[in-house]
Amino acid sequence: QKEVEQNSGPLSVPEGAIASLNCTYSDRGSQSFFWYRQYSGKSPELIMFIYSNGDKEDGRFTAQLNKASQYVSLLIRDSQPSDSATYLCAVNMDPKSGYSTLTFGKGTMLLVSP
Amino acid sequence: EAGVTQSPTHLIKTRGQQVTLRCSPISGHTSVYWYQQALGLGLQFLLWYDEGEERNRGNFPPRFSGRQFPNYSSELNVNALELEDSALYLCASSWGQGNQPQHFGDGTRLSIL
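Those protein sequence lines, which keep their order, are chains A and B.
For the first sequence, the numbering used here begins at 40 and goes up steadily by one.
For the second sequence, the numbering used here begins at 8 and goes up steadily by one.
If you are wondering where the hints come from, they were derived from the structure by calculation, not from laboratory data.
We treat Cβ as the ideally placed atom computed from N, Cα and C, and that holds for glycine.
Be careful, since some hints might not be right.
As the list claims (entries may be wrong) - Pairwise CB distance ranges (calculated):
| no. | chain 1 | residue 1 | chain 2 | residue 2 | range |
| --- | --- | --- | --- | --- | --- |
| 1 | B | Arg-64 | A | Gln-119 | 38 to 44 Å |
| 2 | B | Gly-59 | A | Leu-85 | 22 to 28 Å |
| 3 | B | His-17 | A | Lys-145 | 21 to 27 Å |
| 4 | B | Glu-61 | A | Gly-98 | 35 to 41 Å |
| 5 | B | Arg-70 | A | Ser-65 | 25 to 31 Å |
| 6 | A | Glu-44 | B | Arg-70 | 27 to 33 Å |
| 7 | B | Ser-34 | A | Lys-41 | 39 to 45 Å |
| 8 | A | Gly-48 | B | Pro-77 | 30 to 36 Å |
| 9 | A | Arg-116 | B | Ser-14 | 35 to 41 Å |
Next comes chain A alone, as it looks inside the complex (with noise of 0.2 Å):
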């Protein structure tokens, strides 16, 4: 079955800290990868997407996708009370057959205090 798996959390962290979000998957196939932000009760948000190796910066967003170990993660700088959301990992599992479908992890909640 084909998984992506995230730690639950709640990952605490101070204001203006570097917040580290991990992600791995099992289809080695994979080649899409994105973050969503999700705040409660709220619809998720599309903060980043990579398809390659190595890093992807935007802002205070760093994405990091290790193919080889099937890891993806997201760094989060300067960390703001107004980060704190569960943040959605998703892979696309099949694009071999073009499908874009998306599976997503259960997300991690990350919380920044003041």
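Mind docking chain B on chain A? Use the hints.
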């Protein structure tokens, strides 16, 4: 640019009833996806439509069905509602197939009494 819009925002139904949820994708997006987010279960893929055709289906019973219209908007129909169908139903859209990022609407919260 308007985002993905879903209607209604909330619904209350009873067991055995039928429900139709609606979704309008971002302008220019041809693919529409439906997901179910039930408490404790995370986001589960339901259906994917592209260019009016059903392209993929998740592990849900046939009473979950839908369609996509020529203007790329979509409906999700759920027949014979059961208590466990209570969930947030999310619609997402993307530009074409493959690796394109999906953007979500605000969802429809369905409660079954």
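- Hints violated by the structure (listed by number, smallest first): When the structure is compared with the hints, numbers 7 and 8 turn out to be violated.
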